Structure formats: C-alpha cells, structure tokens
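Novice: Protein chains in written order, with my numbering: chain A, 1 to 97; chain B, 1 to 316; chain C, 1 to 537; chain D, 1 to 229.
A few of these clues could be false.
Partial list, derived from the structure: chain A residues whose beta carbon lies under 10 angstroms from chain C [unchecked claim]: (1) Val20; (2) Val59; (3) Leu80; (4) Asp87.
Derived from the structure by calculation, the hints contain no laboratory data. Remember, it's a predicted structure, so these values are computed and weren't measured experimentally. Where is the CB? At the ideal position from N, CA and C, for every residue including glycine.
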Amino acid sequence: MSHHIATKGLYVSIFAALMVLTAVTVSAAFIDLGAFGFSVALTIALVKATLVILFFMGVRWSSHLTWITVASGFFFLVILLGLTLTDYLTRGWSTIA
Amino acid sequence: MLFFLVAVSAFFATVIAVGVVVFAVKYRRRSPTEVGARITGSLPLELLWSIIPLLITLVMFFWGATIYYHMRRPPTESIEIYATGKRWMWKFQHLNGVREINTVHVPLGQPVKFTMTSEDVIHSLYFPSMRTKMDVIPGRYTTEWFTPTKAGEYHIFCAEYCGTRHSGMIGTVYVMEPRDFQAWLASGGTGATSEGPLHVRGEKLFSDLACNTCHVPDGQGRGPSLVGVFGSPQTLADGRRVTADPGYIRESILIPQAKVVAGYGPLMPTFQGLVSEEQIVALVEYIKTLRPAAQAATRAGDSANTGIAAAAAPSK
Amino acid sequence: MHTQELPRDNYLTSGHSLASWLLTKDHKRIALLYLISITAFFILGGLMAVLIRIELATPQGDLVAAETYNKVFTMHGVLMIFFFLIPSIPAVLGNFLIPMMIGAKDLAFPRLNLLSWYIYVIGALFTLYAVVVGGVDTGWTFYTPYSTTVSNTNVLATGIGVFIAGFSSILTGLNFIVTIHRMRAPGLTWFRLPLFVWAHYATSIIQILGTPVIAITVLLLALERAFHLGIFDPAFGGDPVLFQHLFWFYSHPAVYIMILPSMGIMSEVIACFSRKSIFGYSFVAFSSLAIAVFGFLVWAHHMFVAGPSVYAAMVFSFLSFSVAIPSAVKVFNWTATLYKGSIQVQAPLLYAFGFIGLFTIGGLTGLFLATLGTDVHFHDTYFVVAHFHYIMVGGAIFGYMAGLHFWWPKITGRMYSELWAKIAAVVIFVGFNLTFFPQFLLGYLGMPRRYHAYPAEFQALNVLSSAGASILAIGYLIPGIYLLWSLTRGTVAGPNPWNATGLEWETQSPPLTENFAVTPVVTEGAYEYSKREMKLV
Amino acid sequence: MSEAVAHGHLDDGQRGHHPRLQHQFDDLEQQFESSKLGMWLFLVTEILFFGGLFMAYTLYRIWYYDAFVAGSNELDITLGALNTAVLIFSSLTMAMGVRSAQLGHRKALVNWIILTMILGMVFLVVKGFEYHHKYVMHHIPGAYFQWDGVNGNQVQIFLSIYFCLTGLHATHMVVGLGIMTWLLVGAIRGKYSPQWYTPVEIAGLYWHFVDIVWIFLFPMLYLVNRHAH
Numbered sequence: 001m002s003h004h005i006a007t008k009g010l011y012v013s014i015f016a017a018l019m020v021l022t023a024v025t026v027s028a029a030f031i032d033l034g035a036f037g038f039s040v041a042l043t044i045a046l047v048k049a050t051l052v053i054l055f056f057m058g059v060r061w062s063s064h065l066t067w068i069t070v071a072s073g074f075f076f077l078v079i080l081l082g083l084t085l086t087d088y089l090t091r092g093w094s095t096i097a
Numbered sequence: 001m002l003f004f005l006v007a008v009s010a011f012f013a014t015v016i017a018v019g020v021v022v023f024a025v026k027y028r029r030r031s032p033t034e035v036g037a038r039i040t041g042s043l044p045l046e047l048l049w050s051i052i053p054l055l056i057t058l059v060m061f062f063w064g065a066t067i068y069y070h071m072r073r074p075p076t077e078s079i080e081i082y083a084t085g086k087r088w089m090w091k092f093q094h095l096n097g098v099r100e101i102n103t104v105h106v107p108l109g110q111p112v113k114f115t116m117t118s119e120d121v122i123h124s125l126y127f128p129s130m131r132t133k134m135d136v137i138p139g140r141y142t143t144e145w146f147t148p149t150k151a152g153e154y155h156i157f158c159a160e161y162c163g164t165r166h167s168g169m170i171g172t173v174y175v176m177e178p179r180d181f182q183a184w185l186a187s188g189g190t191g192a193t194s195e196g197p198l199h200v201r202g203e204k205l206f207s208d209l210a211c212n213t214c215h216v217p218d219g220q221g222r223g224p225s226l227v228g229v230f231g232s233p234q235t236l237a238d239g240r241r242v243t244a245d246p247g248y249i250r251e252s253i254l255i256p257q258a259k260v261v262a263g264y265g266p267l268m269p270t271f272q273g274l275v276s277e278e279q280i281v282a283l284v285e286y287i288k289t290l291r292p293a294a295q296a297a298t299r300a301g302d303s304a305n306t307g308i309a310a311a312a313a314p315s316k
Numbered sequence: 001m002h003t004q005e006l007p008r009d010n011y012l013t014s015g016h017s018l019a020s021w022l023l024t025k026d027h028k029r030i031a032l033l034y035l036i037s038i039t040a041f042f043i044l045g046g047l048m049a050v051l052i053r054i055e056l057a058t059p060q061g062d063l064v065a066a067e068t069y070n071k072v073f074t075m076h077g078v079l080m081i082f083f084f085l086i087p088s089i090p091a092v093l094g095n096f097l098i099p100m101m102i103g104a105k106d107l108a109f110p111r112l113n114l115l116s117w118y119i120y121v122i123g124a125l126f127t128l129y130a131v132v133v134g135g136v137d138t139g140w141t142f143y144t145p146y147s148t149t150v151s152n153t154n155v156l157a158t159g160i161g162v163f164i165a166g167f168s169s170i171l172t173g174l175n176f177i178v179t180i181h182r183m184r185a186p187g188l189t190w191f192r193l194p195l196f197v198w199a200h201y202a203t204s205i206i207q208i209l210g211t212p213v214i215a216i217t218v219l220l221l222a223l224e225r226a227f228h229l230g231i232f233d234p235a236f237g238g239d240p241v242l243f244q245h246l247f248w249f250y251s252h253p254a255v256y257i258m259i260l261p262s263m264g265i266m267s268e269v270i271a272c273f274s275r276k277s278i279f280g281y282s283f284v285a286f287s288s289l290a291i292a293v294f295g296f297l298v299w300a301h302h303m304f305v306a307g308p309s310v311y312a313a314m315v316f317s318f319l320s321f322s323v324a325i326p327s328a329v330k331v332f333n334w335t336a337t338l339y340k341g342s343i344q345v346q347a348p349l350l351y352a353f354g355f356i357g358l359f360t361i362g363g364l365t366g367l368f369l370a371t372l373g374t375d376v377h378f379h380d381t382y383f384v385v386a387h388f389h390y391i392m393v394g395g396a397i398f399g400y401m402a403g404l405h406f407w408w409p410k411i412t413g414r415m416y417s418e419l420w421a422k423i424a425a426v427v428i429f430v431g432f433n434l435t436f437f438p439q440f441l442l443g444y445l446g447m448p449r450r451y452h453a454y455p456a457e458f459q460a461l462n463v464l465s466s467a468g469a470s471i472l473a474i475g476y477l478i479p480g481i482y483l484l485w486s487l488t489r490g491t492v493a494g495p496n497p498w499n500a501t502g503l504e505w506e507t508q509s510p511p512l513t514e515n516f517a518v519t520p521v522v523t524e525g526a527y528e529y530s531k532r533e534m535k536l537v
Numbered sequence: 001m002s003e004a005v006a007h008g009h010l011d012d013g014q015r016g017h018h019p020r021l022q023h024q025f026d027d028l029e030q031q032f033e034s035s036k037l038g039m040w041l042f043l044v045t046e047i048l049f050f051g052g053l054f055m056a057y058t059l060y061r062i063w064y065y066d067a068f069v070a071g072s073n074e075l076d077i078t079l080g081a082l083n084t085a086v087l088i089f090s091s092l093t094m095a096m097g098v099r100s101a102q103l104g105h106r107k108a109l110v111n112w113i114i115l116t117m118i119l120g121m122v123f124l125v126v127k128g129f130e131y132h133h134k135y136v137m138h139h140i141p142g143a144y145f146q147w148d149g150v151n152g153n154q155v156q157i158f159l160s161i162y163f164c165l166t167g168l169h170a171t172h173m174v175v176g177l178g179i180m181t182w183l184l185v186g187a188i189r190g191k192y193s194p195q196w197y198t199p200v201e202i203a204g205l206y207w208h209f210v211d212i213v214w215i216f217l218f219p220m221l222y223l224v225n226r227h228a229h
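Extracted from the complex, chain A is given alone in its bound form:
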C-alpha cells in the first residue's frame, strides 16, 4: 500500500503550533475581550482542531470522500446548534406585556 508518509519535522512543527495556540488561548482568557472572548477561544480551538484533522489525522492527503465525511459531521452539528438557537434567541422578539 502506498500512503502518504509525513516527515517527522512536520509533525513536530504541528505539535509546536498546537502548544503555542494553547498558550495563546489561556492568556487570552485573562484579558477582558468582552463579548469577543468566546469567539476568540472558539476560533483558536477550531484552528487547533483543524491542524489535528489535517495533519495528525492525515485528511490533508486523503480522498474527497474523507473531506466530505468530516465536513458533514461539523455541518450537521452547526444545524443542531443553529436551528435550535433560532428558537431560543428569538423568543424575546415577540414579548408583549
């Protein structure tokens, strides 16, 4: 079987990037970013997850099918969260005394 074999150096640099991002997210939590705090933390987590998925899990070198599979998981997660929130976030709109 011929599969892509990544170099040691690549893995180590991904690891380093993940550690740096962890440090960044921890320090960001101690700064008052207001409403953006959560967005920043979430964005960093997403970047970290993407690095793991692309390199450690080798999706970078995998078929389109794998890409679609991974994407569909996150897509339907967004549907679950997003459509449920359409209810909770708009309940206040129709408040009448």
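Chain A is already provided as a structure; the job is to place chains B, C and D on it using the hints.
Specialist: Frame of chain A; chains B, C and D shown alone:
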C-alpha cells in the same frame, strides 16, 4: 384554510389513485413476454411536478403562518385569566380573585387571554371548539387567547400527556353573555371561590415576603424601584434589554441573578420553593399596579376591577 | 424451466448447528436473525395495539386501569418504533440484499454486522426487562420533566434499552455506507445502482447523523433521572423543552429511516411488475438524499405549541414544506412509471399500490400539520395519530410487506400462495383504512391522543376504528400462515421468478454463502427491462 | 445486465492472499480504505453524540452566563492546561506511531504506543485529582451538592454539563487505552507491516478525535471569563 388543505389533498390523492388504477388496467400485461415501453423520464414533467407543489405549499405556508402569528399575539384589550396546570386539574384565576377549578367562565365576543404555567409537568390547555391550544410548561409562562363567538359549554382538554389521569384532566369552558358574565364575576362566581383581587393579595405578599425592604418606590433601596417597571424595557447589567413582562418578573423572583438590572448588584435571594405559582401571579398583578403617580391617577381603579373594566370595553 | 429442488449448496444449508447461526458472519443469515427478532417485537407491539383498541371501544376506560393503559401505549410505541420499524427494512432486507445488489460477497464489516444484531438484542432485553418488571408510562417520547421527576415506572431500563439499540442502528448504517462506497462490482457506477441501494444510502446517512443525538439525549435523561442534574429541570433553571429539541432532532428524521427504505422497495417492485425503467431515475435517487438532508431541518414542527418563538416556528414550518416536494416527486415518478408499462398485478405490486395510496394520504395530511395555523388545533390529537400511522404502517409496513413478498423467493427459494397473498393485501388495506381514517375525524373533532377515557360523543368513530383494527389483525395473521407454509410446501422459485433485473436475481435462490460463484461485471443501468428477453415462468 | 467474468478471483490469484485480507475484499487497499471510511463515519457519529451536550452548554451559557463564569472559575486552570498539553503531546506520539507503522519500524511503533498510553494515563490521573477535589468540595451535582455563592442551581447546571462532558471524554479515553493495549500486543507480536497497518491507522484516528474533543472542552469549561477573578 382547512377547506383549502382538504381540497388540495383530495385533488392530489384522487389524481394519484385514479392514475395508478387506470394505468394498472390499461397497461395490463397481455402476453407473458411483453415488456414495457422504453421511457426513462422527462425533465419538463419533473420540473412541473416539483414546482407546482412547491407553489401550493408556499401558499399554505404563508397562509398558515399569518394565522399563527395572529394566534400568538393576544389583543391588548383581552380579558386576563391566569391558568395553572397541576396533575390532574386546571386552576383558573380571574383578576378580581375569583378562582375556578376545571371550569372557566368567559364572556361572549371578548378576547380572553390565558397566562399559563404548570406546577409539575408539561400540560397543554386545549380548547377544541376554539381551535387553539398551547403547552403549559413548568418554569415559565406561555399564553393563548381566543374570542368566543357562541354562548354555550365547551370542552377543555389536556393535550400533552401528563401521567396516569391525563384523560381526566378535562373541564368545561362556559361562554356567557357579557351581562351574565359580569353578574357571575361580581357575585364571586357560583361554585368558585374568591379571596379578594389578585393585586391586593400581591400587595400583602410584597410586604410579608419583605420585598418592600429593598424594592422601595423611590429607587434608593438595594433593589430597583418597581414603579412603572411593568411592560417597559429594562437594561440589564450585561447590556441586554428585556421587556418586563410576567415571564421576566416570574424569573426574577425565582432566579434573581439570571437577568439583573443595570446598576444593581446580584444580591437578591431566590424565592424558589418559597412562593407558589399562585402567589407569583398575585405579585405580578401587584407590580402591574405600581405606576408613576401621574399615570396612576388617570388609570385609577383600572386594575382593581380589570375584569369588569375590560369587559365593558368595545368588543372586537 | 427450473428444477423441482432447491440448490443443494446455499447459505441456509452451509451449517445447521445453533452456533452456525449465532456466530455467523454471513449478512444473509444475520438478516434472518433480524427477521425473527423484529417479527417477535411486531407481534408484541401488535398485541399492545389490540389492547389499546379494545379499551377505546367504550368511552369509560373500563377494561384496564389508566396506569396500565398508559404503559400499554408507551410500550406499543417504544417496541414498534425502536425495535420493529427502525431495524425492519434496513436490517432485514437491506442487510440481505445490499451486498447482492452491488455484487459483493458480504458487507464491508461482517463481524460488526453480527455485533449490531447482538447490540440490538441486548437493548431489546433491557426494554423487555422494563416491561416485565412493571412497564413504563412516559409515552415513547419520554418528555421531561414527567419522565425525569414524576414517573415512578421503569424509565431507566427502557432508556438504556433505547440507548443501546441506537448503536445497533448506527453500526448498520455505517456498514451500509462503507459497503456502498467501497464494495461495488466492476462497472457498477452510482447511476447504475438500484434505487433500493440509493434509498438505503440516504437512510444510513440519517442513522449516522441522527442516532447519536438521541443516544446522548436519552443518556442525559437517565442521568437527570438518577442524579437530578437540573439540565431539563425547571426547578434548577433548566429547560424541559430543550429535551424536545434534542429528541426530535433525531426522532423526526427517524421517520425517514422508516420510510426511505420502503420507498426504495417501491422503485424495485414497480419497475419489475411494469417491466419498465423507473421514470426519472436520477430524480428518484436524489429525492432520497434530499429527504435525508431536509429531514434534519424540520424537527421543531413537533413543537409548534410548546411555546416556541413565533419566528422559529415559521422557519421550521417553511422548511417542513420543503420535505414535501421530494416526497411528492417520488410518488409522481412511480405513477408515471406505470404509464405504458406491461403491468401484472402480483402480490408485491398490490402491496406497493397500497403503499402509494396510503403514503399519499399520510403525506398530504402531513401538510395540515406543517401548516402553522392548522397544527395548533390538530397537534396532539388523533389527527396526528392517524397521520403517522398512515406513514409508518401505510408507508413503512406496506413497503416492508411488498419487499418481503418480492424477495421471499430469493430468501427462501420457494413461492408462497399468490392468491392468499393478494387476499391478505386487500384485507390489510381495508382494515387499515377502517382503523385509521376515522381517527382523522376524531382528531378534527378534538379528541386528544393518549386518552384512556374520552367523552361519549367520540364513541361511534372509536368503535369504527376498533372494528377496523380487528380486521387489520386478521390481515396480519394471514401472511404469517402462508409464508410459514411456503417454507416447506411452496413451489421452488428458481433464481428469478419475476423476470426481474438486478444482480440479486442473477444468482441462485437461496443464494450461496458468498452470493456469487464469480464476481459479476455490470455493463448497464438498473432497470433495463426493455432490452431483456422475458422468460416464461 | 451483467456478464460474469472471473474478475476478483483472477486478481486474487495473481496477487496472492495476504493473511490479513478478509474474504469479502478484493485486496488490502480496498480493505484499508473501507476501515478508514468506517472509522471516519464513526467519528462523525461521535461529533453529534457530543453535539447534544454542546447544545445544552450553548443554551445555558447564554441564559446563565454569570453562573457559568462562577462555575468555570472554580475549575483548576493549571490542571486543565496541563492536561491539554498532555493530550496534544499524546496526539504527536500517536501520529509518530502511525508513521513508524507505515515505515515498518516495529520497535519504534511499540515505543510510541507505550508513550501514548502513558500520556493517556497521566491525563486520567490528573482528571481524577480534579474530580476528587470536586467531591471534597461537594461540587458534584446531586443530593450532596453545595454552593456558597449565588446562583447555586445554575452553577449546578454548569457543573452537570462539566461532569457529563468530561466524564464522556474520560470514558472515551479509557476505551482508547483499551484499544491501545490491544494495539500494543499486536505491535509486539509484529502483526503490522507497511502492507497492513490498518488497526494502527484507525486507532490513531480515534485517539486524535478524543484529543480534538478536549481541545474544545478546555476553553468551553475552563476559560469562561477568567479575567474578572
């Protein structure tokens, strides 16, 4: 609306049924080795029977959504009744303090609004003859309303399964001529009980529970003044804005820290478990009466006999 | 044409010990294990239904106590949905046929397939335990806070049973998707696949994406009940309606787990008995995927009167109508397939016609419930009960019966009595309509569902419904008899009694353990009846 | 519809049967790709499995933000960050393990698996200390829950979600360690080769997934508004 739905359904069901039967007879197999014609599809037909149903369902959607929007917005001149579901009975409270169990009296031709909650599980207050229902959910208020158009006695059902005697959680709504209804209400209701107007009970509770030690009218207390609060927008400590509706007042009594008004600390203790749903309702009604002096003068007596006052308003 | 004896070597004769069945990795044997288990649950669930209908023949609620009645309809729902309908077509017919239809020797993961069945059985045992030690009375929907704080019945055991059975469904779906992607015979491109396979592909997507959400929801329910976490408990500030959102995120698409495979069967049966290509193949194929995806966007239409935001309700109503379109497209295409066909109304086609009629009514009445204004009245009444039985019985079970009759000769190698099969189809169709059509009217008149006793004015229609149910019960008994009879007495079917296309008909009946003596190579589309020479059967 | 040729069999004959090739597959590549797709589909399932809890988290974080801040600040950020680092490191060692398998470095594979397992256990031990602390403080939701500050009920919701999420994650870790043990036995026996290392690959996918879940859990649970305290 319903007629439109039935007509559309009947039409399509008939088309399909007739199509299937006619084809099955007309194109029946005439020799054992016969095969069907080579037809694989037709794009125009596919588009036709995708787009026409799409357009029809769009009509259904907009029509239905308009009705629903209307159903979810009680008219401001509605008569208010509080309803509480409890396994397995319906408790109704009129503003003048008349209480009923499993029956509710309403005047003909007047919109009636129910503000509802549950003491245990989810119920659903269903008036089949009024074509309306809404779930009654513990922990929050929901509302529903209708305008009765014909005097008489009609069913009340619980439509959300609530345990053993779910099917026994039924009652009767009596639609009365407005004049009869006023008389019934004023006499304290036959078979019903009255303990004085809700807001009066609320006022007593407000001091019994020592709410008034912090919520002083001039706003100098540890809690915000409640004068003029009801129905007006409030700015919260985190910048959000909410309208002080019954649901907000209820939540602020039970989970005081969920939505703290800007300028005040999260000091208020929870009254979870200390006040009943009926007491909360009384407090809500009392807070409704707290209006700035100028307004209070013009609306004097308005809420003291809200039921009667509203009933006298022109019906819609 | 064919011999009077079954082929000596086939998957049924490859081993006779109990272990050769219980440890089998053959997808066909596993399908039969499922067939036996789901039939047992169908009978059990059916008995519950009989009890319900007898109770409702009179308004007083005099046959069983209210508590018992509530347990009976709960178990009817739980058993029929989680242990019969969801596994029915995929785990039996899908399991048996998908590898054969794509020219494979087995599913991609045969051991996983067997494991799925064991997981199903373990889940079923938990649920049966709950029934035996006293039952559960929450309704199959397990709504909080009733299920978490009030009900003193066996919610935990039932919940665990459903949780476990969910993984069986997930693993089956996973197995199918991998198999369909990776195991197709040479030349079998996506657009040459039988529509049955497309339908199962779409079904598997729902199983993979939806079932884990019910799993976590039921797990949270169990934890909430055991430890009073507060997540669904208003006393802690939790929202009981959140449970409904999570529950319906799975349980609405679950309806499509039941109906999509049935739709796949429709395409096979209608094409075969009209000897014609399916009209609009790609539209039928893609409408399956569209239903699977749109099916995930509509769940809150079960919650229009649960105090949702007005605007969210509108969004969900709008999206709900979007599912109606691909369903309608399918029905139109099947009808158009009959046009200029060479139609022979044999038992499978008769069941398929039943499906079309009943599914059409079920689908159209769904519009009444997707429409916000009318749903407020119909929600939680017998209108809903009638609607989903038209979909689940009229749709899923009629499809299952059509499929079972269509592939019975392939599975067993023998033919059943055609006459009795037709009689049964008619009896079931009549009984079904008599049972459930009056329930639309009951719902319109305002009779709520899950009522043990009801006002006397509803009695006439209830009696009619109960009478229909007794006909329906007899209707279900008839196939039980003639199908069992055919196992030993039926005439030998031969490899392809219907002159059907499809790889599964290319091999002997019953098939070899490895399905095909040599791996087939595919050179044309799925329904090329017009090119084929029909043999006299 | 089809003409039968001895397609599969011919190929099999030419290539010869690898002992790990299962009968339903034509070749090892097909088998590898099938297993990999199967594992990915399973991980998609897992995303939505955690998704239900993410939904509960999102809702109550919006509703009871102050309680979430209070609850989050009760968690030990040092231990949380340490565990994050440990898991990321274990992902690296796992990736290196898969690489060794691809290259056929048997000894290295064994070592990487052992290192990964050690890191996994370190994570669980640290988690155990955190749980123990919660136990001592009566911060475990249920009958013995105690909370000195305001919003006790809503803090309990936060901690319930915390325990559900981390508990499920820890369960996945335990399962992962089980898989690793099985993998280790195979590696020691020299079962894997550059031609066939499917179990190493799919166990790796699983392990990385569990790491990704933690990458989200850490900011969600430990980092809610730390600056105020």
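Novice: What hints, given by number in increasing order, does this structure fail?
Specialist: 1 and 2
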